[in-house]
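Chains A and B supply the protein sequences, listed in that same order.
Take 1 as the starting number for the first sequence in my numbering and just add one per residue.
Take 1 as the starting number for the second sequence in my numbering and just add one per residue.
Treat the hints as calculated values from the structure; they're not laboratory data.
All figures in this text were calculated on a predicted structure; none of them were measured in a lab.
Backbone N, C-alpha and C fix where the C-beta goes; we use that ideal spot for every residue, glycine too.
A few of these clues could be false.
Stated by the list, open to error - Distance ranges between label pairs, derived from CB positions:
#	chain 1	residue 1	chain 2	residue 2	range
1	A	Glu116	B	Gly150	27 to 33 Å
2	B	Gly215	A	Asp167	53 to 59 Å
3	B	Gly150	A	Met1	30 to 36 Å
4	A	Pro124	B	Val14	56 to 62 Å
The residues making up each chain are set out below.
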Amino acid sequence: MIELFDVTKRFGHETAVDSISLRVEKGELCALVGTSGCGKSTTLRMINRLIEHDGGEVHLDGQPVRSFDEVALRRRIGYVIQSTGLFPHWTVARNIGLVPRLLKWPKARIRQRVEELMQLLGLPVTEFADKYPRQLSGGQAQRVGVARALAADPDILLMDEPFGALDPITRKTLQHEMGEIQARLHKTIVFVTHDMDEALALADRLVVMHQGRIVQQGKPIELLHDPVNPFVESLLGGMDRGLKEAALIQVSERMLPLGPRLLASERIAYGATLSQALSVMLWHGVDRLTVVDEEDIPIGELSLRRLLGANAA
Amino acid sequence: MPVVWLSLLLLLTVGIEQMEWLFRLLEPDKRQVIYARASFFALLMQHVLVVGIASLLAVIIGVGAAIAVTRPAGRDFLPLVSQLASIGQTFPPVAVLALAVPVLGFGTLPIIVALLLYGLLPIVRNTLAGIGGIEPEMREAARAMGITPGQILRQVELPLAAPVILAGIRTSVTINIATAALGATVGASNLGDPIISGIVNGNTAYIVQGALLIGLLALTVDSAFERLVRQRQLTPAHG
Ligand SMILES: Nc1ncnc2c1ncn2[C@@H]1O[C@H](COP(=O)(O)OP(=O)(O)OP(=O)(O)O)[C@@H](O)[C@H]1O
Ligand SMILES: [Mg+2]
Chain A
1 MIELFDVTKR
11 FGHETAVDSI
21 SLRVEKGELC
31 ALVGTSGCGK
41 STTLRMINRL
51 IEHDGGEVHL
61 DGQPVRSFDE
71 VALRRRIGYV
81 IQSTGLFPHW
91 TVARNIGLVP
101 RLLKWPKARI
111 RQRVEELMQL
121 LGLPVTEFAD
131 KYPRQLSGGQ
141 AQRVGVARAL
151 AADPDILLMD
161 EPFGALDPIT
171 RKTLQHEMGE
181 IQARLHKTIV
191 FVTHDMDEAL
201 ALADRLVVMH
211 QGRIVQQGKP
221 IELLHDPVNP
231 FVESLLGGMD
241 RGLKEAALIQ
251 VSERMLPLGP
261 RLLASERIAY
271 GATLSQALSV
281 MLWHGVDRLT
291 VVDEEDIPIG
301 ELSLRRLLGA
311 NAA
Chain B
1 MPVVWLSLLL
11 LLTVGIEQME
21 WLFRLLEPDK
31 RQVIYARASF
41 FALLMQHVLV
51 VGIASLLAVI
61 IGVGAAIAVT
71 RPAGRDFLPL
81 VSQLASIGQT
91 FPPVAVLALA
101 VPVLGFGTLP
111 IIVALLLYGL
121 LPIVRNTLAG
131 IGGIEPEMRE
141 AARAMGITPG
151 QILRQVELPL
161 AAPVILAGIR
171 TSVTINIATA
181 ALGATVGASN
191 LGDPIISGIV
201 NGNTAYIVQG
211 ALLIGLLALT
221 VDSAFERLVR
231 QRQLTPAHG
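Bound conformation, chain A alone (with noise of 0.2 Å):
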């Protein structure tokens, strides 16, 4: 668990952040949203203090973060950047094997973690283990990055923008990738991104913050729903504020189970979205659908009334 309690930070006569507070439950991933320069890197630095605060305390598990060895501290957060801070000299396994080795753990159980993880992240152990980063994709040296930030298996686990360099395709993969992986080892994150949809798909809370201080948090759903001001508001999609919400809702939640009737020809798959789901049926101009399975067998049906849901007129 990670409490802010009024945490403030000044640069010289800016106030970067400015008296913010904050609590990220166990287990709870926490997007960071804004508009540059609004102090997100820099609450996210005071965690596992790369950045020391000026006011305020910063908690973890109810300790303040001071009462703790800077390095011990940062041993055991788990830290992934966008430009991924690869060592150059070092192999992907050395690299991912770095805090491990800090942390003098025995060679095979370093190795055997290496390996554990590289699988985890979908890097052929063969094919990467012994690569430099600059032989390297993107995305392979962000799943590196990742790995690195997992390998002493940390309760937390700090990112700022480590999707933000991908293209979009990469980036999707990740994300998805990145939720699967969180549905397993239910770390504690703070997550910072630009990318509203990312931070609405992965985010358990959302926090939105404007000139060092927090303007509003709460579920994604929430803030979709309740935009305390303009800014929040437009950040959040403004008119695209629908459809964003759609896109975080399934087509299983809303389908019925086959009916009588014939069956709509067009199909969506049930783990599809209901944005998805909609512009399916705007491209085919069809108001029904049915839904698949994996295996593309029917399994239900949706209508664009039920898909409207609890909106519907």
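Knowing the structure of chain A, use the given hints to seat chain B with the ligands on it.
Leaving out everything else, chain B with the ligands in the frame of chain A:
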């Protein structure tokens, strides 16, 4: 390649007396065409020793100083040291030598001091450039992983800066091999002796002999450094 230059150097050092006929062509009227006041081998050894000691000290002091002023505690001195390093480079070695003699007297010591001071500069400058050229994210990532400052220096900064530092040492040593010849003017005996003696007596053969051996020594060392740099590039993994 270094092996080729080295064998050539050694061959010439011991075999130069056998080549009297060749130098005769150069100075047909002189009674003596082979420098004989000391054996070339002894001169070579003196030369290597002087350059070796001066370079070793220059590496220790230069790299040490550059590391010190890039640590948080010493950062106040960074502008001073980096300015000294670039200004010092414009100072001619002869002047350093001339200034060292009144203080240290004649002999081997002033030349070692002069070479040390002069050889420091490229090393300091390159070490500063190498460490300063490391991307800030690298250091930030290292810190964030919980690497201690000492480990960051040894495992991250020095290996990443090594090619640039090595280039500085290479420049320093090769320049000093040539500069050491000046030591002959202040009474240190080395491969500069035949050159000075040749100039004084108007004997071109002596000059050629000294210059030839100094040139070969410089080539040997320089190509050894090149080999070292290339090997590092092939296997960047140690650290
Ligand atoms: N080390 C520093 N020294 C001085 N000012 C800083 C420092 N780090 C950040 N700042 C300032 O603090 C403010 C917040 O910076 P921060 O990096 O936290 O923003 P951010 O929300 O992460 O922005 P971005 O989305 O562009 O990454 C900015 O105005 C920035 O200029
Ligand atoms: Mg930032």
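Each hint, compared with the structure:
1. The supplied range of 27 to 33 Å is met by glutamate 116 of chain A and glycine 150 of chain B, whose beta-carbon atoms lie about 30 Å from each other.
2. The hinted window of 53 to 59 Å between glycine 215 of chain B and aspartate 167 of chain A holds, with their beta carbons roughly 55 Å apart.
3. The hinted window of 30 to 36 Å between glycine 150 of chain B and methionine 1 of chain A holds, with their beta carbons roughly 32 Å apart.
4. A C-beta distance of roughly 58 Å is found between proline 124 of chain A and valine 14 of chain B, which places it inside the suggested range of 56 to 62 Å.
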